[in-house]
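Novice: Below, each chain spelled out in residue letters.
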Amino acid sequence: MTRLRTGGVRAAVGAVLALALTAALAGCSSTGGKRAEDARKAAEAQGRAAVDTPRWTFAMVTHSGDGDTFWDIVQKGAKQAAAKDNINFLYAHNDEAQQQAQLIDSYVAKGVDGLIVTLAKPDAMKAAVEKAVKAGIPVITVNSGAEQSKAYGALTHIGQDETVAGEAVGEELDKRGKKKALCVLHEQGNVGHEQRCAGVKKTFDGELVNLYVDGTNMPDVKASIEAKLQSDKAVDAVVTLGAPFADTAVQAAKSAGSKAEVDTFDLNAKVASALEAGTLGFAVDQQPYLQGYEAVDLLWLYRYNADVLGGGKPVLTGPQIITKDQAAALKQYADRGTR
Amino acid sequence: MSSTAPPSDGVDHVDERLLRTTPLKKLLARPELGSVVGAIAVFAFFAVVADSFLKPSSLGTVLYAASTIGIMAVPVALLMIGGEFDLSAGVLVTSSALVSSMFSYQMTANVWVGVGVSLLVTLAIGAFNGFMLTRTKLPSFIITLGTFLMLTGLNLGLTKLISGTVSTKSIADMEGFPSAKKLFASEWTIGGVEFKVTILWWLALVALATWILLRTRFGNWIFAVGGGADAARAVGVPVYRTKIGLYMGVAFCAWISGQHLLFSFDVVQSGEGVGNELIYIIAAVIGGCLITGGYGSAIGSAVGALIFGMTSKGIVYAEWNPDWFKFFLGAMLLLATLLNAWIRKRVEATK
Numbered sequence: 001m002t003r004l005r006t007g008g009v010r011a012a013v014g015a016v017l018a019l020a021l022t023a024a025l026a027g028c029s030s031t032g033g034k035r036a037e038d039a040r041k042a043a044e045a046q047g048r049a050a051v052d053t054p055r056w057t058f059a060m061v062t063h064s065g066d067g068d069t070f071w072d073i074v075q076k077g078a079k080q081a082a083a084k085d086n087i088n089f090l091y092a093h094n095d096e097a098q099q100q101a102q103l104i105d106s107y108v109a110k111g112v113d114g115l116i117v118t119l120a121k122p123d124a125m126k127a128a129v130e131k132a133v134k135a136g137i138p139v140i141t142v143n144s145g146a147e148q149s150k151a152y153g154a155l156t157h158i159g160q161d162e163t164v165a166g167e168a169v170g171e172e173l174d175k176r177g178k179k180k181a182l183c184v185l186h187e188q189g190n191v192g193h194e195q196r197c198a199g200v201k202k203t204f205d206g207e208l209v210n211l212y213v214d215g216t217n218m219p220d221v222k223a224s225i226e227a228k229l230q231s232d233k234a235v236d237a238v239v240t241l242g243a244p245f246a247d248t249a250v251q252a253a254k255s256a257g258s259k260a261e262v263d264t265f266d267l268n269a270k271v272a273s274a275l276e277a278g279t280l281g282f283a284v285d286q287q288p289y290l291q292g293y294e295a296v297d298l299l300w301l302y303r304y305n306a307d308v309l310g311g312g313k314p315v316l317t318g319p320q321i322i323t324k325d326q327a328a329a330l331k332q333y334a335d336r337g338t339r
Numbered sequence: 001m002s003s004t005a006p007p008s009d010g011v012d013h014v015d016e017r018l019l020r021t022t023p024l025k026k027l028l029a030r031p032e033l034g035s036v037v038g039a040i041a042v043f044a045f046f047a048v049v050a051d052s053f054l055k056p057s058s059l060g061t062v063l064y065a066a067s068t069i070g071i072m073a074v075p076v077a078l079l080m081i082g083g084e085f086d087l088s089a090g091v092l093v094t095s096s097a098l099v100s101s102m103f104s105y106q107m108t109a110n111v112w113v114g115v116g117v118s119l120l121v122t123l124a125i126g127a128f129n130g131f132m133l134t135r136t137k138l139p140s141f142i143i144t145l146g147t148f149l150m151l152t153g154l155n156l157g158l159t160k161l162i163s164g165t166v167s168t169k170s171i172a173d174m175e176g177f178p179s180a181k182k183l184f185a186s187e188w189t190i191g192g193v194e195f196k197v198t199i200l201w202w203l204a205l206v207a208l209a210t211w212i213l214l215r216t217r218f219g220n221w222i223f224a225v226g227g228g229a230d231a232a233r234a235v236g237v238p239v240y241r242t243k244i245g246l247y248m249g250v251a252f253c254a255w256i257s258g259q260h261l262l263f264s265f266d267v268v269q270s271g272e273g274v275g276n277e278l279i280y281i282i283a284a285v286i287g288g289c290l291i292t293g294g295y296g297s298a299i300g301s302a303v304g305a306l307i308f309g310m311t312s313k314g315i316v317y318a319e320w321n322p323d324w325f326k327f328f329l330g331a332m333l334l335l336a337t338l339l340n341a342w343i344r345k346r347v348e349a350t351k
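Residue numbers (full-length UniProt numbering), protein chains in the order written: chain A, 1 to 339; chain B, 1 to 351.
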């Protein structure tokens, strides 16, 4: 009996397919789901504008990992601007610095008309960016690398200063009378994350404790925050550094029986509705859509009209503090994935 | 072992299986012994250095952390006893959650329909792993590495293609969600301590796997194929079917974990799960499973998961810098493996 009965397998596969199909046609939900979304979409007006400039090719290379909501929104902004500006938009990403530099090199070799780059690991990007500038390709840096952008020869930088954003959070926590806050870092060794927490520490009058969690493992994130809140009852605020972790922190606080208020960096649909419902205190948005949109648009302006925005200084897209009052208005945009 | 007459050289030859063993020796021969000793040591250690570790509420949290790993460590341990690996187990959990969520959402179907479809899809992927392995005779490392990469890509690509974003949409307002949440992600309170339903799933799976391993024919087959596939085949063990069954067992538990992920967080990030497969393997190895197969236990995998849960949360309770967490884990893995090897040698020497 070493050979498998293939007939049996075939029958099993057929049964699986048939079952899946009948399951699909059976039980429907009368609430939520795609049908509700389609109805919403149909209500929106559709419009498109275009310029008559040549079809240039712009490329964007980010340090995003796979499946990151934040970078998905940046990309959406860039794509919308590209559609409007008659741009052929290319996008590539890799969270390894060396790989990211290689991607930049390949776009330079391809001879794109403009380049958008993130400098999360600036030293590793230096050579690649300088090579692009030397080849006559205008470069705009986004999101991270405000300090290095100009030195490497980029036109301008578009993004949020992480330290400034952190400071805004610290001030908001003070305003809310918090005494001890937890800064939840979901990626060990991410410079931007450290800067955010350091910024909070700078302006926050109370005590700030850093907590590192494994961002790719949600149950672990939850259990870690829960453990921390159980062992330290004095914590009255939890600050998460990414939108997907905010809701998890709320659940963890509930399980730990903690009264701590949960606040977060970045926004998504869930955060918007949680703000509206009052389960979250506030969110600091750096408007990722704007980072992608402006980068493409500014490159277009430079190519078309040699315009440069910012006067040599970074163009800031945040921080914008969002509380219950603004959440209702922003929720529809978060739902469609552009806020 | 044929039934020949005892040799007449004066020495009393008795079949080794009929030798009388003392209860102590029996205990020493258990695969999970090393890990139990390790678990007690870890527990005592954190009980001393972290004052909030012993609080009842902490118990619920540690058990929850252990259960989410333990649910997967059980089938992974069985698979390892059967002599194979599964590197796709971590992302398969995410795939499973994504399938239920997206199917329910896109079809506007009752959530339970999505859950059912997900079970079929997940089991099919497990069967694919087993089928490819037995058909191609390539090492499981290669086959499941391929599946791991393909699933990682599918998770991202399909999610983006279908939902337009890299995470799924919320299905919390859909029919069937509350009842499914009850089954996969509910919690209850005993004496002020909150326990998650995953703990029950975990214990049930450990009990089921232990029964299969020690009391059923299939359990014998698992040990046999892990100990030596050719020898097993020679005595009539259906090697291929056993291995495919083991991979489907991993898939089934990935489905449970995936549904827990979905119903406790209601939105699934498509990039999650990468790296967790190693954690499951670590839990199984700490629990006494041999990398080479043929030896190990389901209870051991549970103890391994418990050590994992205690260490990861103990470091938080002790308020240490978590930069060291991976170091502790590595050291523990090494110690547990060495202890296991040492105990086994002792047991064999005294036989």
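Rather than coming from a laboratory, the hints here were simulated on the basis of the structure. Predicted model, so just to flag it, every value in this text is computed and none were measured. A portion of the hints provided could be inaccurate.
As the list claims (entries may be wrong) - Across the chosen pairs, the derived CB separations fall in these ranges: (1) A:Thr57 - B:Leu278: 54 to 64 Å; (2) A:Ala127 - B:Arg233: 56 to 66 Å; (3) A:Ala83 - B:Leu158: 20 to 30 Å; (4) B:Lys25 - A:Ala124: 39 to 49 Å; (5) A:Thr31 - B:Trp342: 53 to 63 Å; (6) A:Thr57 - B:Glu187: 38 to 48 Å; (7) A:Ala109 - B:Val37: 55 to 65 Å.
Unchecked claim - Not close to chain B: a few residues of chain A, all C-beta gaps over 10 Å, as computed: (8) Pro54; (9) Leu90; (10) Ser106; (11) Gly111; (12) Ala227; (13) Ala234; (14) Asp236; (15) Thr248.
Glycine residues also receive a C-beta, built at the ideal position from the N, C-alpha and C atoms.
Novice: Indicate, hint by hint, whether the structure satisfies it.
Specialist: Hints and how they fare:
no., hint, result
1, A:Thr57 - B:Leu278: 54 to 64 Å, "40 Å, violated"
2, A:Ala127 - B:Arg233: 56 to 66 Å, "57 Å, holds"
3, A:Ala83 - B:Leu158: 20 to 30 Å, "24 Å, holds"
4, B:Lys25 - A:Ala124: 39 to 49 Å, "58 Å, violated"
5, A:Thr31 - B:Trp342: 53 to 63 Å, "59 Å, holds"
6, A:Thr57 - B:Glu187: 38 to 48 Å, "53 Å, violated"
7, A:Ala109 - B:Val37: 55 to 65 Å, "59 Å, holds"
8, Pro54, "30 Å, holds"
9, Leu90, "16 Å, holds"
10, Ser106, "20 Å, holds"
11, Gly111, "28 Å, holds"
12, Ala227, "4 Å, violated"
13, Ala234, "12 Å, holds"
14, Asp236, "17 Å, holds"
15, Thr248, "6 Å, violated"
Of the hints listed earlier, those the structure fails to meet are numbers 1, 4, 6, 12, 15, in rising order.
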